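So the sequences go chain by chain: A and B. In terms of the numbering used here, the first sequence has 345 at position 345, counting the first letter as 1, and numbering is strictly consecutive. In terms of the numbering used here, the second sequence has 434 at position 434, counting the first letter as 1, and numbering is strictly consecutive.
Check the hints yourself; a few may be wrong.
Any copy will do: because identical chains look the same in the list, a pair fits if it lies in one copy or spans two.
As the list claims (entries may be wrong) - Keeping only pairs whose Cα atoms sit at most 25 Å apart, straight-line, the calculated DMTMM-like set for lysine to aspartate or glutamate is:
1) 230 with 63
2) 342 with 261
3) 230 with 31
4) 357 with 222
5) 360 with 263
6) 143 with 59
7) 230 with 46
8) 163 with 59
9) 230 with 261
10) 7 with 352
11) 342 with 260
12) 143 with 128
13) 208 with 63
Simulated from the structure, these hints should not be mistaken for lab results. Quantities reported herein were computed from a predicted structural model and do not represent experimental measurements.
There are 2 protein chains.
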Amino acid sequence: MQFTITKELLYNLRERIAEGKDSAILQVIADAHPADIAELINELRDNEAVYLFRLLGSEIRAEVLPELDEDVQDNLLESLTSREIAEDLIENFESDDAADLLSGLSEQKQEEVISLLEDEEQASDIIDLMTYEEGTAGALMGKEIVAVNQNWSVAQAIREMRKQAEDLDNVYTIYVVDDKDVLLGTLSMKSLIFASTSMRTLIRDLFKKESVRTVDVHTPTEEVSNIMEKYNLVALPVVNESRTLLGRITIDDVVDVMKEEADKDYQLASGISEDVESSDNVWTLTRARLPWILIGMGGGLLSAQIIGVFDITEHPEMALFMPLIAATGGNVGVQSAALVVKALANQSAFDESLPRKLAKEFSVGLLNGTICSSIILLVSFLSPMHLSLGITASVALFSVILFAGFMGTWIPITLDRFGIDPALATGPFITTTNDIVGLIIYFSVGHWVMQSFV
Amino acid sequence: MQFTITKELLYNLRERIAEGKDSAILQVIADAHPADIAELINELRDNEAVYLFRLLGSEIRAEVLPELDEDVQDNLLESLTSREIAEDLIENFESDDAADLLSGLSEQKQEEVISLLEDEEQASDIIDLMTYEEGTAGALMGKEIVAVNQNWSVAQAIREMRKQAEDLDNVYTIYVVDDKDVLLGTLSMKSLIFASTSMRTLIRDLFKKESVRTVDVHTPTEEVSNIMEKYNLVALPVVNESRTLLGRITIDDVVDVMKEEADKDYQLASGISEDVESSDNVWTLTRARLPWILIGMGGGLLSAQIIGVFDITEHPEMALFMPLIAATGGNVGVQSAALVVKALANQSAFDESLPRKLAKEFSVGLLNGTICSSIILLVSFLSPMHLSLGITASVALFSVILFAGFMGTWIPITLDRFGIDPALATGPFITTTNDIVGLIIYFSVGHWVMQSFV
Numbered sequence: 001m002q003f004t005i006t007k008e009l010l011y012n013l014r015e016r017i018a019e020g021k022d023s024a025i026l027q028v029i030a031d032a033h034p035a036d037i038a039e040l041i042n043e044l045r046d047n048e049a050v051y052l053f054r055l056l057g058s059e060i061r062a063e064v065l066p067e068l069d070e071d072v073q074d075n076l077l078e079s080l081t082s083r084e085i086a087e088d089l090i091e092n093f094e095s096d097d098a099a100d101l102l103s104g105l106s107e108q109k110q111e112e113v114i115s116l117l118e119d120e121e122q123a124s125d126i127i128d129l130m131t132y133e134e135g136t137a138g139a140l141m142g143k144e145i146v147a148v149n150q151n152w153s154v155a156q157a158i159r160e161m162r163k164q165a166e167d168l169d170n171v172y173t174i175y176v177v178d179d180k181d182v183l184l185g186t187l188s189m190k191s192l193i194f195a196s197t198s199m200r201t202l203i204r205d206l207f208k209k210e211s212v213r214t215v216d217v218h219t220p221t222e223e224v225s226n227i228m229e230k231y232n233l234v235a236l237p238v239v240n241e242s243r244t245l246l247g248r249i250t251i252d253d254v255v256d257v258m259k260e261e262a263d264k265d266y267q268l269a270s271g272i273s274e275d276v277e278s279s280d281n282v283w284t285l286t287r288a289r290l291p292w293i294l295i296g297m298g299g300g301l302l303s304a305q306i307i308g309v310f311d312i313t314e315h316p317e318m319a320l321f322m323p324l325i326a327a328t329g330g331n332v333g334v335q336s337a338a339l340v341v342k343a344l345a346n347q348s349a350f351d352e353s354l355p356r357k358l359a360k361e362f363s364v365g366l367l368n369g370t371i372c373s374s375i376i377l378l379v380s381f382l383s384p385m386h387l388s389l390g391i392t393a394s395v396a397l398f399s400v401i402l403f404a405g406f407m408g409t410w411i412p413i414t415l416d417r418f419g420i421d422p423a424l425a426t427g428p429f430i431t432t433t434n435d436i437v438g439l440i441i442y443f444s445v446g447h448w449v450m451q452s453f454v
Numbered sequence: 001m002q003f004t005i006t007k008e009l010l011y012n013l014r015e016r017i018a019e020g021k022d023s024a025i026l027q028v029i030a031d032a033h034p035a036d037i038a039e040l041i042n043e044l045r046d047n048e049a050v051y052l053f054r055l056l057g058s059e060i061r062a063e064v065l066p067e068l069d070e071d072v073q074d075n076l077l078e079s080l081t082s083r084e085i086a087e088d089l090i091e092n093f094e095s096d097d098a099a100d101l102l103s104g105l106s107e108q109k110q111e112e113v114i115s116l117l118e119d120e121e122q123a124s125d126i127i128d129l130m131t132y133e134e135g136t137a138g139a140l141m142g143k144e145i146v147a148v149n150q151n152w153s154v155a156q157a158i159r160e161m162r163k164q165a166e167d168l169d170n171v172y173t174i175y176v177v178d179d180k181d182v183l184l185g186t187l188s189m190k191s192l193i194f195a196s197t198s199m200r201t202l203i204r205d206l207f208k209k210e211s212v213r214t215v216d217v218h219t220p221t222e223e224v225s226n227i228m229e230k231y232n233l234v235a236l237p238v239v240n241e242s243r244t245l246l247g248r249i250t251i252d253d254v255v256d257v258m259k260e261e262a263d264k265d266y267q268l269a270s271g272i273s274e275d276v277e278s279s280d281n282v283w284t285l286t287r288a289r290l291p292w293i294l295i296g297m298g299g300g301l302l303s304a305q306i307i308g309v310f311d312i313t314e315h316p317e318m319a320l321f322m323p324l325i326a327a328t329g330g331n332v333g334v335q336s337a338a339l340v341v342k343a344l345a346n347q348s349a350f351d352e353s354l355p356r357k358l359a360k361e362f363s364v365g366l367l368n369g370t371i372c373s374s375i376i377l378l379v380s381f382l383s384p385m386h387l388s389l390g391i392t393a394s395v396a397l398f399s400v401i402l403f404a405g406f407m408g409t410w411i412p413i414t415l416d417r418f419g420i421d422p423a424l425a426t427g428p429f430i431t432t433t434n435d436i437v438g439l440i441i442y443f444s445v446g447h448w449v450m451q452s453f454v
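The shape of chain A in the complex, shown without the other chains (with noise of 0.2 Å):
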């Protein structure tokens, strides 16, 4: 029977907790894989999470906790001693979890559960690992390597990878290193299996030694998932600059990342700042949203001032084409930022250079501007309007999508090489450009095309 988490389960689980019947507690959750329970624990209230967790046994708790939401984890952290945190959970932990979940805690409490850490070798490898700066592959790796000598034999070898292997749950290489541990290529349990080679072979006889794909630890992590992506890996080895392995990255970890910069990306593009979700509560959802909106309305509020210094009221009917002038400048602008935001984050080597994009996105608004602006012409033809009105709203209409186009394209690529995210240019923020300068355009070829019709 597979677990399935319900409604149910969840209210059930909870009059338990209330009553603090731990046995049946216990019996709720006994199927449960620890992903499960974490799911569990995000919907509880905190001291209702915090019950639940201290039920479980200790190596549980270490796969539960970081599969929790932030918050959550916070919360629970609070609760636990440093010598809970150091014997129940980080002696249980990889070491990428370990650090990450040290940096969590403030400086006293890391030297604390460092220094109550009875595995010198695991305390020295976090102390290591989170030195790396966040985003790139050597804070995101692992430590537990399963790496054999080439000078061992196939017996020696398979001893010393009994205990290496013991904590892990997946083996997906063997490394082959020197004496140095400089990476000199890789061994699958399958050729180990099934090459039927005596114990006394030696490692060098058997590994393959084709170069094995690496990155650096400073490489960035969205250049790992997409290496990790294009080469269809499950593990990717981490070196320094002399190929000396220091770890691994599993595709578990880089599928974590890829989630998270999707989402990030779409939340961008659609206006919303946190990282929030449909049901987090009231005022989180307000908070996350409310930034954008307030852009949103501050180019509106100086829309008015420029609308009002045109002088409306001498001309009313220009307000007829406002609404059409502002959203096709809207769309074009989101879709070539789109476009960018996405070379951008693929970084492939065929990439053109800005020169060439601004060409590019030209010849597209060329084309895109006049299909447009012939249909308004030919709408404002086959209507009552003023002649005048319709080839304002044409030329304006040709300006603004080429002008979007531009600042769509222009924006995001600036952003990204002044080391600030490009996606930021996605959604309200180009949105709200474009309506202002879109009618400034819109008015001002208004004011010069009624001057030379009049």
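Assemble the complex: chain A is given as a structure, and chain B must be docked to it using the hints.
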């Protein structure tokens, strides 16, 4: 040395292809991974691509083809005879790639290719895989499983596995089945290597009897990727109703699906209708962008009608806040729709019902609306504008925020119920709708306020 793709290398390759220097061409790509060769071929002209592809050995061809862009694949396949497709490609493919490739061919060519396959088991595997609907676990899975019978000895199991794993790059998990191929549990490579058991031990005494997480052939791919992500799986077995093992899905296939899903949602939210990249040509880019621009323009023309009906010439000052109303309606609608689309994709068991979602959206709207409309009221007091206009803008803004949130929540959920991709409701579609409805609300409020004040 790791092979790196550069523009110079591509240029070099093109020159040599033009000169027909075959050995020089092969030298350029000597150290390239099939995924690198695919990336290069994607950049070549049609006839250059065919030339290079024909130069490759059939094993490399089989690894390159599945990595190519779809249009390039189609072009190459057209240049190959049925015999070449069968013998050079399909016979070296894994079953899921083979089924994907065949689905792209005409029915007649499919039959021809299948009749030319020498391996009958492979042929029937492929035919079987082609029967599953796209977007289900069945269509995503491969038939290449390493499975052992529980009644075999370790020696017999290793013998059989050697045959099964011959063509596989990675062996993730060994599945244990009974005489009817019903999945009983798993066996790790680790336990086979490290258990140091006798070769005569029976598999039934070795394997983990715990329940294995499986999916049904009809499970949607989105659910498959959620499961693999949640439980950190690198492979997931696919079974039928009687738990007979039919195939397995590997993480690399799921990573591709996840990436496509995320890209698609992002593109729809940005108003781009096809899967395009900024490096595509001007015409492709225009075609992908024009439909959404036209939808926005249609909305703009409809807005012009509405403005005309409400007779802006009588109250031209109403034009001042039109951009503000439209922008805010658009932003709120996009935010709500994005949250709903994300929640639908993650399908948590704790997801709220539609009425509860709408009620929460209403609360968020009340908060945002109160803050925003108060700001407008304050601004209008401090500026020399008519009080009636300030009140109109303030009341309309409040209503528009509530309404836009409602539409942004309701539309994607309704689309989803009718089996339509809810992501369609993000981006230009929702902004256009809210632009129009926002204007109607604004002018209706204006009409009513002006009447009451005069």
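- Message: To test your reading of the hints: which numbers does this structure violate?
- Response: none
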